[in-house]
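Those protein sequences? They're chains A, B, C and D, same order as listed.
One rule links them: number in our numbering = place in the first sequence (from 1) + 993.
One rule links them: number in our numbering = place in the second sequence (from 1) + 993.
One rule links them: number in our numbering = place in the third sequence (from 1) + 104.
One rule links them: number in our numbering = place in the fourth sequence (from 1) + 104.
If you are wondering where the hints come from, they were derived from the structure by calculation, not from laboratory data.
Hints should not be assumed to be uniformly reliable.
[What the hints assert, rightly or not] Here are the simulated lysine to any residue pairs, SDA-like style, with alpha carbons at most 20 Å apart:
no. : chain 1 : residue 1 : chain 2 : residue 2
1   : B       : 1234      : C       : 406
2   : B       : 1246      : C       : 406
3   : A       : 1246      : A       : 1205
4   : B       : 1234      : C       : 141
5   : A       : 1234      : D       : 159
6   : A       : 1078      : B       : 1076
7   : C       : 258       : D       : 285
8   : A       : 998       : A       : 1126
9   : A       : 998       : D       : 144
10  : B       : 998       : C       : 406
11  : C       : 406       : D       : 317
12  : A       : 995       : D       : 137
13  : A       : 1231      : D       : 165
14  : B       : 1000      : C       : 162
15  : A       : 1246      : D       : 159
16  : A       : 995       : D       : 159
17  : B       : 1231      : B       : 1192
18  : B       : 1078      : A       : 1216
[Said to hold, decoys possible] Incomplete in silico selection of chain B near chain C, CB under 7 Å:
no. : residue
19  : 994
20  : 1045
21  : 1176
22  : 1179
23  : 1181
24  : 1217
25  : 1223
26  : 1226
[Said to hold, decoys possible] Here are some chain B residues the structure puts well away from chain C; computed CB gaps all over 12 Å:
no. : residue
27  : 1007
28  : 1025
29  : 1067
30  : 1078
31  : 1167
32  : 1224
33  : 1236
Built from N, CA and C at the ideal position, the CB exists for glycine as well.
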Amino acid sequence: MKQIKAKIISNSRIKPSYFKMVMRARTAGPGEPVRAGQFINVRVTGRAGVLLRKPLSIYSACGKEHSIEVLYKVVGRGTEVLSRKAGGDELDIIAPLGNGYELPKKPQPVILIGGGTGTASIHFLAETLIEAGFSDVKALIGARDRENVICEKDLNKAGCEVQVATDDGSKGIRGYVSCLFESLAASAGPSMAVYACGPRPMLREVVRISRKFKVPCQVSLEEYMACGVGACMSCVVKTRKPSGGSSKQFVYKRVCSEGPVFDGSEIIWE
Amino acid sequence: MKQIKAKIISNSRIKPSYFKMVMRARTAGPGEPVRAGQFINVRVTGRAGVLLRKPLSIYSACGKEHSIEVLYKVVGRGTEVLSRKAGGDELDIIAPLGNGYELPKKPQPVILIGGGTGTASIHFLAETLIEAGFSDVKALIGARDRENVICEKDLNKAGCEVQVATDDGSKGIRGYVSCLFESLAASAGPSMAVYACGPRPMLREVVRISRKFKVPCQVSLEEYMACGVGACMSCVVKTRKPSGGSSKQFVYKRVCSEGPVFDGSEIIWE
Amino acid sequence: MGVKKGNELTVNIGGIKMKNPVMTASGTFGYGEEYSRLVDLNKIGAVVTKTITLQPRQGNPVPRLVETPSGIINSIGLQNVGIKMFLKEKLPFLIKFKTRIIVSVAGDKIEDYVRLAGMLDGEKVDGIELNISCPNVKGAGNSGKRNKLFAQDKDITHELVSRVRKETGLPLIVKLTPNVTDIAAIALEAEAAGADAIALVNTFQAMAIDVDNRKPVIAAGSGGLSGPAIKPIALRMVWETARAISIPVIGMGGIMSTGDALEFIIAGASAVSIGTGIFVNPQLPLEIARGIRDYMTKNRIKTVNEITGARS
Amino acid sequence: MGVKKGNELTVNIGGIKMKNPVMTASGTFGYGEEYSRLVDLNKIGAVVTKTITLQPRQGNPVPRLVETPSGIINSIGLQNVGIKMFLKEKLPFLIKFKTRIIVSVAGDKIEDYVRLAGMLDGEKVDGIELNISCPNVKGAGNSGKRNKLFAQDKDITHELVSRVRKETGLPLIVKLTPNVTDIAAIALEAEAAGADAIALVNTFQAMAIDVDNRKPVIAAGSGGLSGPAIKPIALRMVWETARAISIPVIGMGGIMSTGDALEFIIAGASAVSIGTGIFVNPQLPLEIARGIRDYMTKNRIKTVNEITGARS
Ligand SMILES: Cc1cc2nc3c(=O)[nH]c(=O)nc-3n(C[C@H](O)[C@H](O)[C@H](O)COP(=O)(O)OP(=O)(O)OC[C@H]3O[C@@H](n4cnc5c(N)ncnc54)[C@H](O)[C@@H]3O)c2cc1C
Ligand SMILES: Cc1cc2nc3c(=O)[nH]c(=O)nc-3n(C[C@H](O)[C@H](O)[C@H](O)COP(=O)(O)OP(=O)(O)OC[C@H]3O[C@@H](n4cnc5c(N)ncnc54)[C@H](O)[C@@H]3O)c2cc1C
Ligand SMILES: Cc1cc2nc3c(=O)[nH]c(=O)nc-3n(C[C@H](O)[C@H](O)[C@H](O)COP(=O)(O)O)c2cc1C
Ligand SMILES: Cc1cc2nc3c(=O)[nH]c(=O)nc-3n(C[C@H](O)[C@H](O)[C@H](O)COP(=O)(O)O)c2cc1C
Ligand code: FES
Ligand code: FES
């Protein structure tokens, strides 16, 4: 984890409200290996307008080139300001943050599930897995409509088989991405591993299905963040006490530093 | 006075920290004739960052084309945001505001004195006077150094004889613009009219010299403004009570609506 | 949907029937006339005048204003034409419009408020707003250092409001200062003393310093903070007050959009006032009135009152 | 200029000698460790820990945070590891650095503060900060509705501080809430009861509402506002307080730059704390310490104390 100056190489619109930004560390790079599932915390402006940094998953990274890519959707003021940055501009980022996904210990089929912008962190995981020699990597992408289906091509390029589900059926099957997952899980069972990132209700479904079919499952969460380094306690999520027990017995864990990736069974959904 | 949408035609840097912006009314134009000495009040952003509108003198205007020009220096956050606007962007302006200069009733030599960004309002006055048939119009420009001498060429083009004074002597004579004025006033006397816009100490000197040589003198003031239309009482200046009397007997007048142009003898300098 | 057009926005604020719940905040809209060429006064729920005093006032020295992050500090010092000139020269202009006229008044002592209310009683105005957030001479005498405001003291608030209450049948709005430990307690006192509505918040006492010459930026030393910066605090105070009292609350503090206005209404405000926002965009009161109507249409809400305090 | 390098920035805050007047604000810098890979703790005047309670606390439900114009509202609810775990696992890390360690503590009743101070007394810490701005169970019992804070009551403040004072010889900083009518009066009470320094301000009670589902954005309903939005009010309070008391004031509230820090110092603060600003730029405390030194060099000022309260 370092606070570094990065130079924007490119910042291009890939869909009406989605942007992909490539940046390169100016000052000494992150210096530590970057893992899939980790994120960066971007300072948008130092002035009054937008105060907090914006956390964005790492979409791709190259250690040798000190380069980091992110893919983001413009949803509010911070991401809007970000979208107006241009190649050559300098960014102040803190990276890498968070724990990242734990790769499977042995070769096995892997299912990646991305919902909305959550697909970004799934993409870097796909790249990592395939580079590490995993050959059976399927990516399931869910989105509201075709306008919000992202990364499909990039995931293909990385070497994944990709299936799409949209709420309105404007692309892929009509329905939730968890349905795609359920049918796959029903046939493959515990021999595979599943990784998911996306909205809460989707993750909850994915965890429920994983448990049903005894599939190990890691989920990456998002929470409103202030510090990004575990200091402020803003970003907590309810997790089961190690001792197990009822959902009344919980510990708040920090998404930024103890996550964003958690074992699916750990999370208490409310 | 109207709140109008204007389209930026151009916004170009004319000196390291000076910009000239040309805009054209999109919605129905000001609709009333624009006078030299009046100003516009520009909304910089509607968001949190910069709140208040920024008042800028009209540098030039063309009624037929519904166009207005301003010349401004980047001194803080508002003008900085403004400087990053580009041709085609839309601006929300309130125009025209303030009373404007009173032209001389009869043909006579006129001296225009501009200090710093105050030179902008002097420029429009020069154009107006020359168009109205005044043939002897001299412009005296004062600035800290050569980097801050503005409008010289435009004033020449308008048909003025221009003299420059800089504090450090890097352009024109070394010293205050009021010295230039004093020597002119000494020779010409009450047969001429003088108009001045610039920093307080300069205006005060100009008024002192005018009184000494009995030259009629109008000055244009700047004050921190919130509403720009006379409603909030932020922008007041101490003026002598009509009844005359000591400087303890004063009335606060609003620079935005009762000014920005005042008769030099009216102002109580502190 | 059976919603009668043009009807759903009306509110009744302590007897003042307004065509929509959007008002102008005292001191930011002059006497109405100044903005009348930019804004259609007929479309504003109510115009609250600049605070008027018995005698004309010159106000404070300049600079009176400075911008801060998402806010402004002002110290106008109640520069106004005085009640006589107001009645003679300012009111006649205002009454030409189909809006409600609320006259804000203030004084140095309780007696001043009583006299002002008396002078307004027979006039063509729709209500009086008691600005009791200006320095209280009595309090100042006590502490020596710090000017206490009327509205910082429960007992003085009670006495002031009940004495004015006896003087006039006009609807009485009491405007409170946020510079207190317990805003609801003061509001309760004003209600008990006969107020018809409570307006909050006035500005927060604040300061800015010029570090180069080590002096306050505002000539008077300190001033009042307004604008979006204070909105979260103002909103909390409106919420706290609305739960405590039974008379209507007029909410204000940093309203810059329909969303902001709705936040105040949901927190419990029956109407909202726009102050600093008018400087930024004079059309704001009109845009917000329209925006509230659109929100109601979208959410099938028939009257504004349905969402007042609807916070679940 | 005869100014000894590395010397001019030192300050003495009620017995705590700091190498520079820039501290971290409680709750925004964790236990120091979290930021230690990003920030050189050796260069910070003092680290104030997250507020510690007797027992570990889970804190409030989420969402706990929302951004507002130039500010943030938080309602963490004092999630912390508790004093035992702090002493065992967090303090040993912190004492490795050449900075001053100030432990912020809070409790539900006065007795809790007394016990916490007792437990810290023999430890390797440089001072205790009493965060008396958290809900006071006694007060809550009285009003039924509203949680009163210890620091909203002069008498409770006095009693709390004097009882803790008897328990420890460590420098005692009392941190006040800005949600009061008269901040100086509370500070005077804390001083009289034996405080060595006053820290202000804590956050302003504030609220945000989600207009789509008509609910508060923050799960707990309301929270505390911090950041540049509150700076002008905080500055005024520091100025008012510094003029009233004789012990040092630690100023905070929205400091985002050297200029902001200098404003507080000129208003009367002997040291400043950075809270929200750390989230934006973790290097800020270091940059401000350097910035203050540059300002002093430029203006030929030999010691920070020379400009503390130098407002002319
Ligand atoms: C670990 C993590 C990884 C993320 N990765 C991505 C990504 O790869 N691509 C992407 O498009 N988005 C990602 N997000 C979400 C992204 O951070 C928010 O969309 C962004 O912060 C919104 O900022 P804004 O100012 O544009 O919107 P705002 O106007 O501030 O808010 C819009 C919405 O965004 C959410 N949000 C705002 N600020 C934060 C914050 N600091 N932390 C979390 N949520 C916030 C709020 O729920 C709010 O409703 C990630 C979030 C987290 C926590
Ligand atoms: C009637 C009038 C005409 C003006 N004409 C011109 C012009 O033609 N060209 C030009 O460059 N400048 C002009 N100015 C000054 C210009 O308005 C300020 O430079 C500008 O508002 C600064 O905004 P900022 O946000 O960049 O600076 P800030 O960071 O806000 O402040 C920088 C300095 O500018 C001054 N200032 C800031 N806001 C205002 C305000 N609302 N009103 C007055 N002064 C302010 C302050 O004294 C401050 O010290 C004029 C001012 C007035 C009142
Ligand atoms: C320039 C200015 C002048 C004001 N004058 C008065 C006044 O005369 N009387 C009054 O009751 N409030 C006055 N106020 C306070 C406003 O009416 C309002 O309560 C406050 O500004 C908060 O609302 P806002 O954030 O929308 O501006 C003034 C505010 C400003 C900014
Ligand atoms: C996320 C967060 C957590 C905080 N937690 C505490 C705390 O535990 N104890 C405390 O005394 N103050 C706490 N504060 C208040 C700060 O210490 C500080 O007083 C306040 O934020 C104002 O300073 P700022 O504007 O620089 O943030 C917290 C503030 C924030 C933003
Ligand atoms: S964002 Fe601060 S602890 Fe996670
Ligand atoms: S700026 Fe409002 S009266 Fe002049």
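We went through each hint and held it up to the structure:
no. : hint            : verdict
1   : B:1234 x C:406  : 55 Å, violated
2   : B:1246 x C:406  : 47 Å, violated
3   : A:1246 x A:1205 : 25 Å, violated
4   : B:1234 x C:141  : 28 Å, violated
5   : A:1234 x D:159  : 17 Å, holds
6   : A:1078 x B:1076 : 16 Å, holds
7   : C:258 x D:285   : 12 Å, holds
8   : A:998 x A:1126  : 33 Å, violated
9   : A:998 x D:144   : 18 Å, holds
10  : B:998 x C:406   : 34 Å, violated
11  : C:406 x D:317   : 17 Å, holds
12  : A:995 x D:137   : 14 Å, holds
13  : A:1231 x D:165  : 9 Å, holds
14  : B:1000 x C:162  : 40 Å, violated
15  : A:1246 x D:159  : 18 Å, holds
16  : A:995 x D:159   : 33 Å, violated
17  : B:1231 x B:1192 : 16 Å, holds
18  : B:1078 x A:1216 : 35 Å, violated
19  : 994             : 5 Å, holds
20  : 1045            : 5 Å, holds
21  : 1176            : 33 Å, violated
22  : 1179            : 34 Å, violated
23  : 1181            : 34 Å, violated
24  : 1217            : 5 Å, holds
25  : 1223            : 4 Å, holds
26  : 1226            : 4 Å, holds
27  : 1007            : 26 Å, holds
28  : 1025            : 10 Å, violated
29  : 1067            : 16 Å, holds
30  : 1078            : 17 Å, holds
31  : 1167            : 26 Å, holds
32  : 1224            : 3 Å, violated
33  : 1236            : 15 Å, holds
Comparing the model with each numbered hint stated earlier shows that hints 1, 2, 3, 4, 8, 10, 14, 16, 18, 21, 22, 23, 28, 32 do not hold.
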